[in-house]
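There are 2 protein chains.
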Amino acid sequence: MIRACIFDVFGTLVDWRTGIAEAAAPVFARHGIAHDPFDFADRWRAEYQPGMEAVRSGGRGYVRLEVLHRENLDRALIGAGIDLPVMERDGLNEGWTRLPPWPDVVEGLRAVRAKMLAAPCSNGSIALMARLARFGGLQWDAITGAEIARNYKPMAEVYHASAAALGFAPGEVMMVATHNDDLAAARAAGLRTGYFPRPLEYGPARGRDLEPAQDWDIVAEDLPGLAAQLPG
Amino acid sequence: MIRACIFDVFGTLVDWRTGIAEAAAPVFARHGIAHDPFDFADRWRAEYQPGMEAVRSGGRGYVRLEVLHRENLDRALIGAGIDLPVMERDGLNEGWTRLPPWPDVVEGLRAVRAKMLAAPCSNGSIALMARLARFGGLQWDAITGAEIARNYKPMAEVYHASAAALGFAPGEVMMVATHNDDLAAARAAGLRTGYFPRPLEYGPARGRDLEPAQDWDIVAEDLPGLAAQLPG
Chain A
1 MIRACIFDVF GTLVDWRTGI AEAAAPVFAR HGIAHDPFDF ADRWRAEYQP
51 GMEAVRSGGR GYVRLEVLHR ENLDRALIGA GIDLPVMERD GLNEGWTRLP
101 PWPDVVEGLR AVRAKMLAAP CSNGSIALMA RLARFGGLQW DAITGAEIAR
151 NYKPMAEVYH ASAAALGFAP GEVMMVATHN DDLAAARAAG LRTGYFPRPL
201 EYGPARGRDL EPAQDWDIVA EDLPGLAAQL PG
Chain B
1001 MIRACIFDVF GTLVDWRTGI AEAAAPVFAR HGIAHDPFDF ADRWRAEYQP
1051 GMEAVRSGGR GYVRLEVLHR ENLDRALIGA GIDLPVMERD GLNEGWTRLP
1101 PWPDVVEGLR AVRAKMLAAP CSNGSIALMA RLARFGGLQW DAITGAEIAR
1151 NYKPMAEVYH ASAAALGFAP GEVMMVATHN DDLAAARAAG LRTGYFPRPL
1201 EYGPARGRDL EPAQDWDIVA EDLPGLAAQL PG
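The listed protein sequences derive, respectively, from chains A and B.
Quick note: the first sequence, position 132, residue 132 per the working numbering, numbers continuous.
One gets the working numbering by counting positions in the second sequence from 1 and adding 1000 to each.
These aren't lab readings, by the way, just hints derived from the structure by calculation.
Please note: incorrect hints may appear among the correct ones.
[Unchecked claim] Derived coverage of chain A by chain B (criterion: at least 3 residues anywhere in the stretch with Cβ under 8 Å from a Cβ of chain B; other residues may be distant):
| # | segment |
| --- | --- |
| 1 | 45-54 |
| 2 | 124-136 |
[What the hints assert, rightly or not] When the alpha-carbon atoms are kept at most 20 Å apart in a straight line, the in silico SDA-like pairs for lysine to any residue are as follows:
| # | chain 1 | residue 1 | chain 2 | residue 2 |
| --- | --- | --- | --- | --- |
| 3 | A | K115 | A | A169 |
| 4 | A | K115 | B | G1137 |
| 5 | B | K1115 | A | Q139 |
| 6 | B | K1115 | A | R98 |
| 7 | B | K1115 | B | P1224 |
| 8 | A | K115 | B | F1135 |
| 9 | A | K115 | B | R1134 |
| 10 | A | K115 | B | K1115 |
| 11 | B | K1115 | A | L138 |
| 12 | B | K1115 | A | R134 |
| 13 | B | K1115 | A | R3 |
| 14 | B | K1115 | A | F135 |
| 15 | A | K115 | A | R3 |
[To be verified] Cβ-Cβ distance ranges computed for the label pairs, FRET-style:
| # | chain 1 | residue 1 | chain 2 | residue 2 | range |
| --- | --- | --- | --- | --- | --- |
| 16 | A | M87 | B | P1204 | 53 to 59 Å |
| 17 | B | R1070 | A | I78 | 52 to 58 Å |
| 18 | A | A34 | B | V1067 | 56 to 62 Å |
Here a beta-carbon is modelled for each residue, glycine too, at the ideal position from N, C-alpha and C.
Whenever a hint applies, use it, and build me the whole structure from the sequences.
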């Protein structure tokens, strides 16, 4: 019996690539920088997994994702050959609080919550999730994920801590994500799994995770389709 | 500048005494127990502070309030000379997830959230807060409080961890409570403070905290009155 759904956020619920490109475009324009803001969004996001690896490996204590995002930004700018004043960098880092939800998400999340508890299980912090929810009109029962566990997905403890924070055993909770690796880790941690594709996450020409890589418990076209398949 | 409000829940937002009495009454009726369910609610609640003290003193690691409530229930039943089967006790413990909000709370919380972020800062767990919110029709931006800090109010770390989880400094966050001791601890931890009375919390004949004990930053008649005084 599934009692709650927990959700990946970046990519699954919100369009980080468009949101970050839209945050960067006016900053670049102000500073006469011709760099494609979508390419810049891709470069910044490419630093995401390496940035978390120091925490996952135990070499660094938990720091919130805002801190990693800010460090990753400096690296992405160097890689792109762009210089920006510190205050512009700090402002740009706030772009992660203003990422547009995919068009089906507000309706789909409401449909899920009509059946059971729902919470983000993101690598983003509680503060970041609260701001993203406000920006996108999302409504959660609680905020679970990395900050609760003080570690980053796909470490098993993040899934376990998130289920426990909602008062459920791992097998009573479904991890919902468009990323097969996130679902594989959740399944290995004992959770149920739900998948739908987000073919535009990485831009029109570079689809990933377009198909389910395993027989996930629910496979749907989008979030409302997943909600319709949930029990209750 | 106040950027977020965090709230005491038991007493300030929900009427635990009525909720617990209403949970106990049918159980007592089933077992032919003549004990006044309101007196029983008072007895159970009287075990609340002693139950948390082992955690606060460091003698016991953090356990969620559900665990303490269940232990306290056994003690309260002994004190009242009542015996109940374990399954009835377990069911009664769920009564803490179904406590009615005071009549002004849904409207008042909406008014606060129209101005800023709002989260519970309760000694209740994330799971308990999520269920209480569902039961009472409350809507939060996040759930802060004891579980985030893995300790219990009035330890300063609970207020600090709650502000930090929302992404703010202590001085940017207002603790809202009807209990003067909660507010005194929050003020000592550097938070702003908001008070209104709940004269019926302990029943009609036994008012406590009927007046502000210090010059709290906001003193109001009820939650909508407090919301009206918030900046924004």
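Task: Hint numbers not upheld by this structure, sorted from lowest to highest - done: 1, 10, 13
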